[in-house]
Structures are given as structure tokens and as C-alpha cells.
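Participant: Single-letter residue listing:
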Amino acid sequence: MREAHGSPPGITLVLGGARSGKSAFAERLVADLDGTPVYIATGRVRDDEMRLRIEHHRDRRGAEWRTVEEPENLERALTREARPGNAVLVDCLTLWITNLMLSQADINVRASALCQVLSEAKGHVVLVSNEVGLGIVPDNAMAREFRDHAGRLHQDIAALADEVFFVAAGLPLKMKG
Amino acid sequence: MREAHGSPPGITLVLGGARSGKSAFAERLVADLDGTPVYIATGRVRDDEMRLRIEHHRDRRGAEWRTVEEPENLERALTREARPGNAVLVDCLTLWITNLMLSQADINVRASALCQVLSEAKGHVVLVSNEVGLGIVPDNAMAREFRDHAGRLHQDIAALADEVFFVAAGLPLKMKG
Amino acid sequence: MREAHGSPPGITLVLGGARSGKSAFAERLVADLDGTPVYIATGRVRDDEMRLRIEHHRDRRGAEWRTVEEPENLERALTREARPGNAVLVDCLTLWITNLMLSQADINVRASALCQVLSEAKGHVVLVSNEVGLGIVPDNAMAREFRDHAGRLHQDIAALADEVFFVAAGLPLKMKG
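Residue numbers (our numbering), protein chains in the order written: chain A, 1 to 177; chain B, 1 to 177; chain C, 1 to 177.
Do not rely on the hints blindly, as some may be mistaken.
Copies of the same chain look alike in the list, so a pair counts if it fits in one copy or across any two.
When the alpha-carbon atoms are kept at most 20 angstroms apart in a straight line, the in silico SDA-like pairs for lysine to any residue are as follows [as the list claims (entries may be wrong)]:
id, residue 1, residue 2
1, Lys122, Thr67
2, Lys174, Glu163
3, Lys174, Gly10
4, Lys176, Asn140
5, Lys176, Arg28
6, Lys174, Met101
7, Lys174, Gln155
In short, the hints are calculated from the structure, not lab data.
With the hints as constraints, model all of the structure from the sequences given.
Facilitator: See below:
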């Protein structure tokens, strides 16, 4: 599978809906790369539903993975981890945006900083994110704002990525690369 | 068109959004197969909106189809109908999940049983389902649970299916097969 | 890029989610065509959020574009503008449907009239629309009705279009053409 993903360092974006199999697909991509698999988890455990999902993902990945929990400063975590010898999975961008919104961070600034870090990455990075813009316009302004931030970030990362996949029903569709 | 769908028996999953033309596309797939077209309707008529949709679908299919209404025990209906000489259309999985949730059935158990029946099917089966995971996270827990069940079932059926299509604006995109 | 879009006159449908980059992609398609680019805006300015989006789009397009604001009578605007020497962009169909619903127009009649005008167009027309049917079924009946109208119109226009694209993360996926 390695030939299909280009030579590292490289950037791969994996988009998909809820329960689309996007994380499992992204994990397989990273596991097929050379180097130590590093999992950067942006999720902040807020309730049991969340805790169960995180544990389920961790069990699936297995013991060879190193896990870094970084709900907000993804730029710093990537600066540290995206280096030769590592293959990094970021799961996921939409949770990162959620955390930044709750902290009232300037998301445009942070998104630019993230793209800068990615463009200088020294190791392969696979980023997972939820596509959330294909339903009815949400009633509340915060959900619309979230949708706008997510869509813009996806466009920015897709523009600099070497590969972009859209995953549905566990099946990847290559959009770029 | 038959060549494109492999030799029966086989399993085809047709995913799409609301009003995407997925049912009409699936009906054409089944009509192009050999055998008697059998329509397994999982919809339970709850209101006039629903009744109108069902009648509209029935008129479109025409008189050569046999219709089986089975809102809950889809496994039994498929065990009976997925046999040589029949070409079966199940419309749709998301309504089946809805009905099971309303009956407080154990959906993981039922989904496994359905996949078992499909893996032993003796006739071609085309299954239609709504992709519902590409919007904003729903506020209420039951909608989130529904979305999770639907997404997992799509992954499981896609894994065993011979073909998977994603339909938008009436146009099929082949994801597998 | 022109070869890829067939010889004008022709009809191109560009579908995508919120903040998917669909408008920017459609603008590039029109800018690559021969003729004066004409932008038919169906959006009615209702609030500052809307005003900002419209101004942002206008700045991006540049001075060579002619803008026509037509929130409701899209059929008339297209009859006038879809002629040799023009390359027309309609942005977007979902706002047009919204405006017609608020005016209690008969949308099936209007959609048929629009398709008739498109089938007789004498210049290339690119139409942008939001895919809104891939989330959870909305609670309120008006949102469900909107979703049905949009989905049906997308199917009708896709059937007569020369090309259909689905845009995600700024990346076009060709569905037809």
C-alpha cells in the first residue's frame, strides 16, 4: 500500500461522515507507513459516550502506537511529532475546532498556523476530519459558525495535502493524489 | 447493464441522501436482473406524508413487482425471498433501523443476523439506505444513536457487498465493485 | 480547461456542502469559458451574515463580471442572459428555492419552467447548489419540504446537464460528463 501514498513526508486528509469508518481507514494508512505510529488525540473527555469511543479506538490501534493527548495546541504537538521516524495520525480536526471555539480562540489565526506547521512537516501526517456541511442549515449560529470553520479548514488543508480521501461506509474515494 | 453488476447471487448496497434518486436507481438495477423483482418495504405507514411516498414508489415500479411489507423481521423476509429466480430490493435499511429502535430491539444483534442472512443469500439482493452522517452532530441522543447504528450497518454491509454505489442528484458513483 | 467542459452552450451543475468551495470552483469554470461572465445572484440580503458572504464572493470574482440580482424570477433572468457571448453563473439554486417557499410559489411548476429554459439556453450556464440531504431527517416539516424540493430539482437538472460535479474540501469530483 505504501507506493500509493507517496514518499513521506507527506500530508493526507481523510474526510468522512459520522460512523463512516474514516478513523479506521486512516489508522490503516498510518500503520502501513514506515516509522513509529503516533496518535494525536484532540478529543477532550466530557462524558461516558466520549470515553467509550476513545477506548474503543485505542483498543483497535494496538500497543505499538504512542498516544499524545492535545485538545488545543495541535500546532505544538505537530511541530514536535511530525519528524523523521514518526508517522502521525491526527484524530480529529473537527474536535480541535470545537475545543478552540469553546476557548474563544481566533480560529482563522490558528488554522493558518496549523497549515504553516503542516507545510513544514518532516514526517508523514494523516489528518482525520468530519464532513459536516451536507445537511440542512443548522438553526443555531454557533453550529453554522462551526460548519464554516470546518469547511474552510478542510479546503486549506486539502489545497496543501498530497492526498485527500472521502470515506463512506468504510470505503475510501480518492479526491486528490 | 447486467454485465456491470456481476453474476447473481450478489449483494449491492445503494447509499444516498434524501431525494437523491437512490430508490429509482436501485429499482433500475433490480429490473435489469433476471428473475421476478421482489420489493421488501420496511416502511411503516405512520402518516399521510409517508403514505404518499409509498404510493408514488409503487406506481413507479409497475405491476411485475411483488411487494412484501416487513418493517422489523427483515432477516426472515430475506431468508424467504433471496432465492434463485428472485431479484430482491430492500428499501430501506434506515427505516428498518428506525423501527427496531422504536421496538427497543438489540440492533447490534439484529445487524449481525442480517449480515449472516446476506452472506448466505441465494439470489441477488439490492439494499437501499440513507446516508445520514454528513451533517452537524444532532442535539438529541436518540438521533446520534440512530446515526451510529446506520453508519456501522453500512460499513458491515459494504464489507460483504459485491458492489456499493453512492447516489447524488440521481447519478451513481461506484465506491466498490 | 475548456476542452474538459464541452463546447458551449452547455449546462453544468455544481453540487457541494456548506463551505465546500463549490462557488469558487464554479467561478473558475465560468472564468475559463469564452464570453462575458454574468453572475446571477439569487440571495436576498436578510442580515449582516448574508451581506458579508455576498461581498466576499463579489470581491473574489473581480471587475470583469456583470452581476444580476434575481431572487425569484430566475427563469426570466436566464432567458435574458443565457445567450451567445455570455457565460452565466447561477449562485445558488437552494437560495432560489428558499425564496420561492417564502413567497408560497408552486415550486414544482417553477422547477419545470427553469428546466425548460435551461434546455433552450443559447449560452453556457453553470448552476451552483447546496447538497442538503445527507444529514439526519430534520424535525420541522418545512425543512423536510425544502430538502425534497432541492433534491428533486438537483435530479432534474442533473438529468439535462452536460456535466455534474460534486465538490468537497474545494476538490471537484465529476459525477457526469
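Participant: Compare the structure with each hint and give your call.
Facilitator: The hints, checked one at a time:
1. Lys122 <-> Thr67: So lysine 122 and threonine 67 pass the 20 angstroms test inside one copy only (19 angstroms; across, 46 angstroms).
2. Lys174 <-> Glu163: both (8 angstroms within a copy, 17 angstroms between copies)
3. Lys174 <-> Gly10: Within one copy only: 16 angstroms inside, 25 angstroms across.
4. Lys176 <-> Asn140: This pair counts as neither: shortest intra-copy Cα distance 33 angstroms, inter-copy 35 angstroms.
5. Lys176 <-> Arg28: Cα proximity of lysine 176 and arginine 28: in one copy and across copies (18 angstroms, 18 angstroms).
6. Lys174 <-> Met101: neither (30 angstroms within a copy, 34 angstroms between copies)
7. Lys174 <-> Gln155: both (15 angstroms within a copy, 18 angstroms between copies)
The structure fails to meet hints 4 and 6 from the earlier list, while all remaining hints are met.
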